[in-house]
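Input sequences plus hints: build the corresponding full structure.
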Amino acid sequence: MPRPIAHLMPLPLALSGLMALPAWAEEATPVDVPTVEDKAVQRTEQISITGRQLSDTLQRQQSSASRIIIGKEEINRYGDTSVADVLKRLPGVTLGGKAGRGGEIKMRGMGNGMTQILVNGEPMARGFSIDSLSPDQIERIEVLRSPVAEFSAQAIAGTINIVLNEDAKKRQNEARFVLGSEDGRLQSSLSLSHSDKQENFNYTLAGNLSRSNRADDDREWVQRFDPVGNLISQDRTQGSGNSQGYNLHLTPRFTWKLDEKSSLTLQPFLMHSRSQSSSSANIDRSQPDSSKYSSYVSDADNGFDMIRTNVNWQRRMEEGRKLNVRAGFNVNQRTSDSVRQEFKTDGSPLQIRWDNSKTRDNGFTSGGKWSTPFGDEHALAIGWDLETSQRRENRQIDNVWLDPTQPPVLDTTDYGDLVEAGTQRYAVFAQDEWEISPQWSAYAGLRWEGITTKSEDQLTHVSHRSGVWSPTLHGVWRIPDSKNDQIRASLTRSYRAPRTGDLIARPYGSLDNSEIQPDRVGNPDLKPELAWGLELAYEHYLSQTGLLSANIFTRQITDLVRRDMRQEMVGNELRWVSRPKNIGNATAQGVELEAKFRLAELMETKVPMDIRANYSRYWSSVEGVPGPNNRLESQAKESVNLGMDYRLSSAPLTLGGNLHWVPGYRTQISDNQYSKTASRRVYDMYALWRFNSSAQLRIAAANLGQFNDVSESGQVYTAGSTLSRGISPSYINWNASLELKF
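Residues 1 to 742 (the numbering used here) make up the sequence shown, in order.
These are computed hints drawn from the structure, not numbers from a lab.
Worth double-checking, as some hints may not be accurate.
As the list claims (entries may be wrong) - Computed spacing ranges between beta-carbons, pair by pair:
(1) Q706 <-> M603: 31 to 37 angstroms
(2) S514 <-> L653: 51 to 57 angstroms
(3) G571 <-> W354: 17 to 23 angstroms
(4) A489 <-> Q706: 39 to 45 angstroms
(5) N572 <-> V163: 51 to 57 angstroms
(6) L574 <-> S679: 34 to 40 angstroms
Glycine is no exception: its CB is placed at the ideal position from the N, C-alpha and C atoms.
Set out below in structure tokens:
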């Protein structure tokens, strides 16, 4: 079988094709083009910053390490209610889960912890969902395809850093009212902010309150076959559910100017969330089993509360030196109380199960960076990061059997219902940004990061320690006689540390144990996944805010983690058990093409239209897993985004739309397991009416295609095989938002 790197042969051709586009672009004569505010902006060879969008592009161009920056205008363009839906339009970013509902964020198709998500440069608090964060609270989003020394190197696929609202520039009040609908169920959101600036003090008071109301209707088929392919049994499940809840976020920010050289910033983040859900399902079994349920109903109440505060002190010194020191703490608590009733085929009760849990996390963070110029060409920096957290999980599960003729199943309370875990993360780093010449700049960094995890319950005690050196090299060559063309290259090392839950050997029993729903157990012997990465990119910046770019990359991964499933004796019962283990090496490669521009930047026209397009193609191979399709788990082969905005000259109206497409793919997980994911097509549209500079109305529709979420998985064993298919419909999301400044 040819090596995966052979698939990269077409990539230089794609790169060459994109490099030919600037010649076409330079043939066009620059013309006056309306900005988003419907004002003409004439660009010359001299670069000037005329707005937030241009500033984002200029920062990307001048950065020594590849960094894509998305500002407020682009974040708010489609009126998205979740950060994940904003990110899905970026080059190389895809989502898991149901269309229109956010989901796991994956760069280059690599999820499961390979994509690092940061908030203000720090890892998210445990239990915090990025989907609960309102886009109104975000100042900008930074996408780093390769790690840099000042951020954690747990970024095999890349890093997405979400920066919350920053210092106030002037006195201003903003309000945003959103009313939405999903399948006839109303959603609502209110965002308010007040900011002001005084001589030595500025502040922002911001908050968001949102309510959700959603429903689901899922179907699943499970078929079992004998070794020669004859159908033995078939189970059909029809399930439904609904959930209602609310989220309250408060994100104030206060900055004091202590003197001419020092400042102090305090940024709390408070969150309060509650939800109630109910679900039910009916199972039609071709071979009824009196020991198994045929229907169930379930109700649950969930809550999440978080207080997170960061303090940052900055001191400017002589000769351009600067010191930043930060510290913070976080306290969060997650509660879940559920009750589930199961019934037999004749409707008589089988059992009732109560599951109550409370998880509390307390943490402290500290970090700092000291930077200084060295000569005229170097900018040196050294720093540290420290994070410590304590987790206490108390879970109580009680089963009451209402049919005395049936024996009890695995009772997880026998394995301890109290788990305590502690994690310490510590790192030191050094970096040098070197302006070698007007054509060359380089970045060199080195980071050492260690993680210690300890966990214990009534039966197990786990202590795990790992440390990783992560060198990073980035370089930029600005092509001579061109102010708009440059080539980037980088060589980096990144890793993914085992998650605490994957290290704890305590089993989590499945209610309906099978090869489809196995028990889950951790593995205290897991090693970190390590990866060497190489990137090469070409960028051409157009006369205004546009750019054309092509990027190719490869990752060489060692000690890849996959879950291994097999039957084991648990107590006196033979059960299906899934546990993670290091299975060997893997490789991943890809090409990412991006283009965004105003139409007048490529041709002589006054049509006020903006175009955005990106295409990504990925290859991967896991050693020790037979092909074909022995890819990284859940990695799509391709992704496409195509969007445009049109500003009417006859009215203060802007229209726009976007197509997000990910084709279906199959993944061979092990020698006897595979999964299939159907294609994903998401159409979004919006209309923006500007009443004046202080008021605008945005109407948006997301997931207009309304395609079903379809999945399939299969297992093949000596005794036969199992095939599982699931279908979950998605819904159009409508929303109207009124945005005011006063």
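Open item on the list: Does the beta carbon distance between G571 and W354 stay inside 17 to 23 angstroms, or does it fall outside?
Closed with: Distance hint for G571, W354 holds at roughly 21 angstroms.
Open item on the list: The hint says 34 to 40 angstroms between L574 and S679; measuring C-beta to C-beta, is that right?
Closed with: 38 angstroms, holds
Open item on the list: Range first: 31 to 37 angstroms. Now tell me if the beta carbons of Q706 and M603 are that far apart.
Closed with: 35 angstroms, holds
TODO: Kindly confirm whether 51 to 57 angstroms is satisfied by the beta carbon distance between S514 and L653.
DONE: 55 angstroms, holds
Task: Verdict for N572, V163 (Cβ pair) under range 51 to 57 angstroms - done: Given about 55 angstroms between the Cβ atoms, the range holds.
Open item on the list: I want to verify a distance hint. Is the separation of the beta carbons of A489 and Q706 within 39 to 45 angstroms?
Closed with: Given a distance of about 43 angstroms, which is inside 39 to 45 angstroms, the answer is holds.
Consistency with the previously given hints is maintained throughout, with no hint failing.
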